[in-house]
Each structure stands twice: as C-alpha cells, then as structure tokens.
Amino acid sequence: MLNKINQIRKTKFFIHFIKKPIAVTALIVISILFLGALFAPVIAPQNPYDMDKLDLANSLLPPIWMEGGQSPYLLGTDVQGRDIFSTILYGSRTSFLVGISVVVISGLLGGGIGLFAGYFGGIFDTVVMRTADTVLSFSKTLIAMLLLGVFRHSSIILVILAIVISDWVQYARTIRGEVLSVKEEEYVLASQAIGGTSLRTVFKHVLPNSVSPLLVVAAVDFGIAIMLEATLSFLGVGIPVTQPSLGMMISQGRNYLYAGKWWLIFFPGLTLMALVFSLNLISDWLRDEIDPKVKNI
Amino acid sequence: MGAFIGRRILQGIIVLLLVSFIAFIIFQYLGDPVMTLAGRYATQAQRAEVREALGLNKAFYVQYFNFLKNAFQGNFGMSYVTKVPVLNLILERLPASLELAIVAEAFAVILGISLGVFVSANPKNFASKFLMTGSLLGISLPTFLVGILLIYIFSIILGIMPTSGRGETVTILNFWRSGLLTFDGWRHIILPAFTLGMFQMALLFRITRGAMLEVLGAEYIRTAWAKGLKGKSVLFKHALRNALIPVITMVGLQFGQLIGFSIVTESIFQWPGAGNLLLNSMYESDFPVVATYVIIVALIVVMLNVLVDISYAFLNPKIRY
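In order, the protein sequences belong to chains A and B.
Take the first sequence: its position 1, counting from 1, is numbered 30 in the working numbering, and each next residue is one higher.
Take the second sequence: its position 314, counting from 1, is numbered 330 in the working numbering, and each next residue is one higher.
Keep in mind that a hint or two might mislead.
For lysine-lysine, the following DSBU-like pairs were computed, each having C-alpha atoms within a straight-line distance of at most 35 Å [as the list claims (entries may be wrong)]: (1) A:Lys49 x A:Lys233; (2) B:Lys74 x B:Lys99; (3) B:Lys140 x A:Lys49; (4) A:Lys49 x A:Lys82; (5) B:Lys74 x B:Lys85; (6) B:Lys145 x A:Lys49.
Taking beta-carbon pairs under 8 Å as the criterion, some of the chain A residues facing chain B (in silico) [stated by the list, open to error]: (7) Phe68; (8) Val71; (9) Ile72; (10) Pro74; (11) Lys169; (12) Thr170; (13) Leu176; (14) Leu264; (15) Val270; (16) Gln272; (17) Arg283; (18) Ile294; (19) Asp313.
Incomplete in silico selection of chain B near chain A, CB under 7 Å [stated by the list, open to error]: (20) Tyr45; (21) Leu46; (22) Leu152; (23) Leu153; (24) Ser156; (25) Leu157; (26) Leu161; (27) Gly272; (28) Gln273; (29) Met298; (30) Leu315; (31) Val317; (32) Asn321.
Calculated from the structure, these hints are not laboratory results.
In this text the structure is predicted, and so the values were computed from the model without any measurement.
Cβ atoms here follow ideal geometry from the backbone N, Cα and C, with glycine treated the same way.
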C-alpha cells in the first residue's frame, strides 16, 4: 500500500496536480461537498423531508448571525420551517447521485458505442454518427424536458435516463475520433497481424490508448448533468417535490426573494455554483494535462 | 458541391421525418384526445364521432400519413385547452422568442468574439487572465440562477430594470409584434437577452481564443509579421478570418442549445414567447401544442444546420464534399 502511494507520488500527473493550486482547491471544494452529501444524515441538524420535524413556527427564519436567527438553523429556514443547511446537504446528495449516474451510464454506453463504431466503421458507424449529429443539434435541456414533461411522471431514475438519452453522444464522438487514429497505429496492426481476435484488439490495444480524452469529457459532463438536474427540477419537471433538490430549493425560494428573503436562494445557488465551477476547473486542468494540443476550448 | 448540399438536405429531411414521427406519437397517443375534445360527459355516440373525425380508427400508417399531410398544409389540430388552432397559437408567440434569441445571440457573438481576439492578442495581460476565469464561471452558472440574480440586482435592489414581460410592442407587417422598435421594448429585453446569451458568450469567447491561438502560431501569420504588416491587419485580416470557421460552426450548432435555454429564460422573465407556451402546455397536458412546438423547433434547427454546412463549405475550400 505504502509502496503504491509512493509510486503515485512520483508520477508526473501527481506532481503537476500539486503544482496547480487552483485544481487542488477545486478538488478540496468538491471533496467537502461530497462528504457533506454522503454523511448528510449524520451532519444535518434536521431531516428536512421528515414532516414531523418541521415546525411552521420556525418558517422563514434568517441565518443565525442575523437578527432573529435561531439555533440550530445555521443558514435560516424556508417557508415550511425547513433548515436550509440541512436541505442543501440532502439536495446535493441528489446532485451527486444524478451527476455520477449520468457520467457512468453515458460513459459506458457512449464509450462502448463509439469504440465499436470507430473500430468497425461501416453502416453502424454512419448511423451512430448521424444520430449523434442530430441529438447534438437539439439541446439536451430541451430533450430531457420534453421527455419528462410529456410523460408526466417524475423520479430520480427518469431524470437520469432523460439526461443520458442525449448525453452518451459526446462520449461516443470523442472516443470514436480517438479510435480512428489509434487503429492505424502499428501496435494495432501488429495485433491484427499475429491473429488477435477483433475483440482482443479492441479491448487490449485500442481501448486503453483512446480512453483518456473521455476523462475530460466526463469532468465537464459531471457539472453539466448537475446543472441540468437543477434546471429540470427548477422548471418542475425534474425530481419529485417530495425529494430534495438544489434546483427546487431555488425555484421555491424565488417567490420570497422579492420580499428580501435572500438566503432561500443564495446558499443553494452558491453550493450549485461552487460544485459546477470546481468541476469545470478540474476538467480544464485535466485537459491541459492529457492533451496540451487542445488547451484552448 | 451540389451533391454535398443535396446530401445534407436529404439528411435534414430524414431528421425531420423522424422528429415528426415522435411528434405524431405525442400527438396521437399521449393523453386521450377523444376524452379531451368530446368532453368528460360525452355520450358513446359523440365519442365515436370524434374518433372518426380524428381518424383514430384508421390503420397506424394511414394516421401518420394524414398527420404529415395535415402538417404540410399547416394544420396541426386544435389546442386541447384553448380550442384554437395550434399553429396560430405558436406563430403568435414565435416573434417574441425569435427576437429574444437573436438579440441574445448577437450579444454573445459580438462580445464573445471580440473578447476572444483581445485575449489571444494579449495572453499575459491581467485582464485576459481575469476574463479566462470569468468565462469558466460563465459556463458554470445555470441559466436560471443568472436570471434570478439579474432580476434581484437590477430590478429589486437597484430598481432600474423591469422584472418581466416584453414591454411596449409595435405590430409590423400585420403579423410580427416587435419589441425592438420601442425604447420600452429594449429596456425589457436587456436582462433576458443577457441571461440567455451569457453561456453562449463564454463558450464563443473560449472557442475564439483557442482558434486564434492556433492560427497565430501558423506559418502564414509569421510571414505576415515578417512582411512588416501592422498588428491590426495581421490580427483581423489574416488570423481572425481563418479562426472564424470553427466559431461560425459553433454559432450554428449552438442555436439548438439556445432554444433549449430560452425556455428557462422565458419562464423566469415571464417572456410571452413560444418557450413559455411550451412549458404551460406541458403542465396542462396540451399535447398538440407540444407536438407542434417540437416540429417547428426541429424545422428551424435543421434548416440552420444545413445553412451552416453550406457556409462552412464556402468558407473553407479545404473541406472535401
């Protein structure tokens, strides 16, 4: 184990990472938010979705440092007397759950499809790429919203699926592009020449050499999926009202903003922004590390 | 060239057919059109009549064919809720949406590209570094949060901007209600257009910068410098022209994204556009409106894509068709 850690410490990747204070800060922010989400039931002073624990007498309390603020409501309460801090912890659980699921499912699905499309080419490749073009020209937000809005059922799984349905495309395109160049490399030709099966060639030689750009896509996509879930929930077609979501908190708090109750929106908004911004910073750094050529976008 | 354009148009038509098929399914099979149109208390005979009138008794492909035929003639059926022809409903709302989208896009393109050029020309400048981080923040902020933030700052705290609506409009050419011809209209469009355009601007800024940096390293740029050309001339005449190709493609491709985000923006600012109509129709299960919206958006997006492909081929002679 120690050996392993020492090995990691010597890699270029790690050294570059430590030298980049921004990327490190971003990772720390994400870790804190992730731990907060993971241990929400332990940390949160209140379970905001347990109706028995809510007291309307405590509704719309300001944050604790302001006049009228009460312990234990650190960041104040919403109209139903929910502790904002607790709701944010629970809401970011949803964000992480959706983000991770979308990235994993889209990554495997899109990565797999793109890998085979790129390696084998032919009609399958054409169909996949045309589908990808089509899906890309419509917006993910629009597609997910229409699906969820038209079927009128909402659950966290449906939200994930509605995002994945258009999200796998970018993984497919990215890896396909890589595969197209990798498959002309000599080691791939060698594997084919000594009679390796197509599957063996694809998984042992092509995949390991074309997978790294997917990391960059995944980091950006993580943030986009979280933003998309928040947007869908904000519009009322995402997570059901009985479950926590940062987007829904903002949507519900919006009406009280005009009355000066800024904390209903400010803290969930800040959390959402910190999360997505940190993810984008990390993806930016990853991009520079993995492929200095595409430093720009 | 002709074959290339032909193939692109053909692909566009295939996409439209696919989308129309999805729209047809939404239209015909989601919700219960018979119940909605005949009313809850209709007799068996009345229901049969409505079924017959809607053609629900015919074979599936006949129904789809009829749907297409009607769509071609601009007949998309009646809204379940308002009982008005759907197409009129959407066309009435479309100018508001298009004006918002165009102003947002114009703002994004002008600011995004000029900032991108500035940063690529002065990469070490403090302002450039600030802009780079700022643009990352720009693509990290969800549209709805930006909108709410702007309303809070400019409308509630400062009180200098209206919170919602389109303001005073003028009707031109008998059907287009425009808000761009009045001062009040412009006052109303600024916040929503900024909200909608910010993400695009940040994106275009980053792409322009990237494309410029790549082009600025090319041989012909070094030649241009070596010839002793002025900085402005090299930057705009030689570099920007070539850097613009990916940017223009992105502008065209991102228009679909813009439509998606415009629904969010319209909802926040209560903008009387087609996106807001779509949202309300979804809440009310008014499926004909949803189906028609899908088709119209697809039509706009596909046409734009074909145009982008064609202009791309014209701009870049290296592209083989």
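Hint-by-hint comparison with the structure:
no., hint, in the structure
1, A:Lys49 x A:Lys233, "holds (33 Å)"
2, B:Lys74 x B:Lys99, "holds (24 Å)"
3, B:Lys140 x A:Lys49, "holds (18 Å)"
4, A:Lys49 x A:Lys82, "violated (44 Å)"
5, B:Lys74 x B:Lys85, "holds (15 Å)"
6, B:Lys145 x A:Lys49, "holds (15 Å)"
7, Phe68, "violated (25 Å)"
8, Val71, "violated (29 Å)"
9, Ile72, "violated (25 Å)"
10, Pro74, "violated (26 Å)"
11, Lys169, "holds (7 Å)"
12, Thr170, "holds (4 Å)"
13, Leu176, "violated (10 Å)"
14, Leu264, "holds (6 Å)"
15, Val270, "violated (14 Å)"
16, Gln272, "violated (19 Å)"
17, Arg283, "holds (6 Å)"
18, Ile294, "holds (6 Å)"
19, Asp313, "holds (7 Å)"
20, Tyr45, "violated (11 Å)"
21, Leu46, "holds (6 Å)"
22, Leu152, "holds (5 Å)"
23, Leu153, "holds (6 Å)"
24, Ser156, "holds (4 Å)"
25, Leu157, "holds (6 Å)"
26, Leu161, "holds (5 Å)"
27, Gly272, "holds (5 Å)"
28, Gln273, "holds (4 Å)"
29, Met298, "holds (4 Å)"
30, Leu315, "violated (12 Å)"
31, Val317, "holds (5 Å)"
32, Asn321, "holds (5 Å)"
Checked against the numbered hints given earlier, the structure breaks hints 4, 7, 8, 9, 10, 13, 15, 16, 20 and 30 and satisfies all the rest.
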